[in-house]
Each structure stands twice: as C-alpha cells, then as structure tokens.
Amino acid sequence: MRQRDEGKKPGRKRFLFRRRKFCKFCDEKIAFIDYKDAKLLQGYVPERGKILPRRISGTCAAHQRELQQAIKRARMIALVPFTTD
Amino acid sequence: MNARYETVIIGSPTLPDEEFASIVTSLEGTITEGGGTVLRTEPWGRRKLAYKIQKFDEGHYSLLFYEAPAALVTELERRIRMNERLMRFLTVHVDWEEKVAKAAALKAARVPRPGSVTPMYEPPDQYGDAGDMDGGR
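Residue numbers (my numbering), protein chains in the order written: chain A, 1 to 85; chain B, 1 to 137.
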C-alpha cells in the first residue's frame with residue numbers, strides 16, 4: 001500500500017504535517033486529460049489563471065504535460081481564463 | 001484513412017438558438033458533402049465564457065465529432081472563419097481513443113499477480129494499484 005501520510009511516528013516533532021504529494025491522475029487512473037473537462041482543469045488554474053506548477057500539485061511529469069496541453073486548449077475556447085484582472 | 005477530429009465552435013450570443021443550430025447543421029452538411037462522416041454532435045448550449053470575446057461574456061457552444069480527410073478540415077475551418085456569427089473555434093485531432101480503450105480493457109482484464117495468494121476477503125482497492133511504492137507509473 002502506498003504511504004500517503006508522513007509523520008506517523010508519534011514522537012516526531014514537526015510543526016506542519018505535510019501529506020506526501022502524489023499524482024492525482026496516476027492515482028485515479030484517468031485515461032487521458034480532456035480539455036473539455038472545465039471542472040477538472042479549474043483545479044489547476046488558481047486565481048491568477050496560471051497553470052499550477054508540478055511542485056505544488058504533485059502531478060507527475062507525463063500527466064503535467066498532458067494537463068498543460070489540455071489547459072491551453074481549454075483557454076482557446078474560453079473554458080479556462082488566460083489571466084484574471 | 002480518415003482521421004477523427006473534434007471541433008468546438010462558439011457562436012455569438014446575439015444569435016437565437018435556432019439560428020445557431022442551423023449553422024451547426026450546415027457545417028455538418030459540409031462534412032458529409034466533403035467525404036467525411038459526422039459521428040456525433042454535442043450542443044453544449046449557452047455557456048459563460050471565461051473571458052470576454054468580442055465584448056461578449058456568453059456564447060453558444062457546440063462540438064462536432066467527425067471523421068474526415070485532412071483537406072476537409074481545412075475547408076471546414078475556412079467556412080467557420082468566414083462566418084462572422086461564429087466567434088471562435090478549436091479543432092483537435094482525436095488521438096486519445098486508444099488510450100481510453102486501453103485503460104478500459106486493463107480495468108476489465110485485471111489479472112492477479114503471479115504467485116499471489118487470493119485472500120479470503122478482498123478489501124476494496126481504494127488506492128488503485130496496491131503494493132506500488134512509486135505510484136505505479
């Protein structure tokens with residue numbers, strides 16, 4: 001079973017419990033990332049409209065590439081914003 | 001062999017629904033006449049745009065899913081461009097059907113690992129692939 005939680009040891013001193021990041025797309029076995037799925041993509045474009053970096057979301061490289069492509073396509077048909085002001 | 005494409009078109013919100021629908025039908029006609037086949041059309045209806053296009057913040061959306069030779073795609077896009085009532089379009093080569101089919105097949109034919117003993121009770125596989133520390137990439 002995959003270790004999802006860190007800091008399980010009770011004695012360990014830590015101020016922040018950070019969950020181990022994992023790729024949502026690998027985890028859910030999503031076959032492909034659809035540019036039409038605005039709801040899904042919305043989660044990867046925070047307020048400013050930028051694409052959420054991998055280091056934050058934990059998405060794996062392959063899926064981040066696919067996601068990037070999907071977001072860019074979705075932007076063209078105004079499902080996802082380029083920027084917000 | 002004809003490839004599969006998907007075209008999303010966005011019509012001006014000033015159009016009545018029927019008029020937009022008739023534009024879609026005429027585009028379907030272009031595809032069939034040009035030697036393609038329309039496999040599916042999905043009217044998404046009026047949708048809010050994520051940003052303004054031609055000062056409108058709404059639009060009629062529709063998706064055409066079809067099989068066509070490459071030249072026909074160019075022709076279709078040319079017609080869309082000429083139509084002033086269509087504000088935006090996006091054509092995408094549909095290359096993910098294999099992936100979807102593969103994933104579905106994998107799911108259907110999941111064979112237990114060799115040497116593994118079938119337990120009496122199988123807990124629900126809530127994390128996907130069990131026993132994979134790196135996430136089964």
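Hints may contain errors.
Only pairs whose alpha carbons sit at most 30 Å apart, straight line, appear in this in silico DSBU-like list of lysine-lysine [unchecked claim]: (1) 29/A / 55/B; (2) 52/B / 72/A; (3) 102/B / 39/A; (4) 48/B / 50/A; (5) 99/B / 50/A.
The hints are simulated quantities; they were obtained by calculation from the structure and are not laboratory data.
Okay, the hints, checked on the actual structure:
no., hint, verdict
1, 29/A / 55/B, "40 Å, violated"
2, 52/B / 72/A, "17 Å, holds"
3, 102/B / 39/A, "24 Å, holds"
4, 48/B / 50/A, "20 Å, holds"
5, 99/B / 50/A, "27 Å, holds"
Hint 1 alone, counting from the list given before, is not met by this structure.
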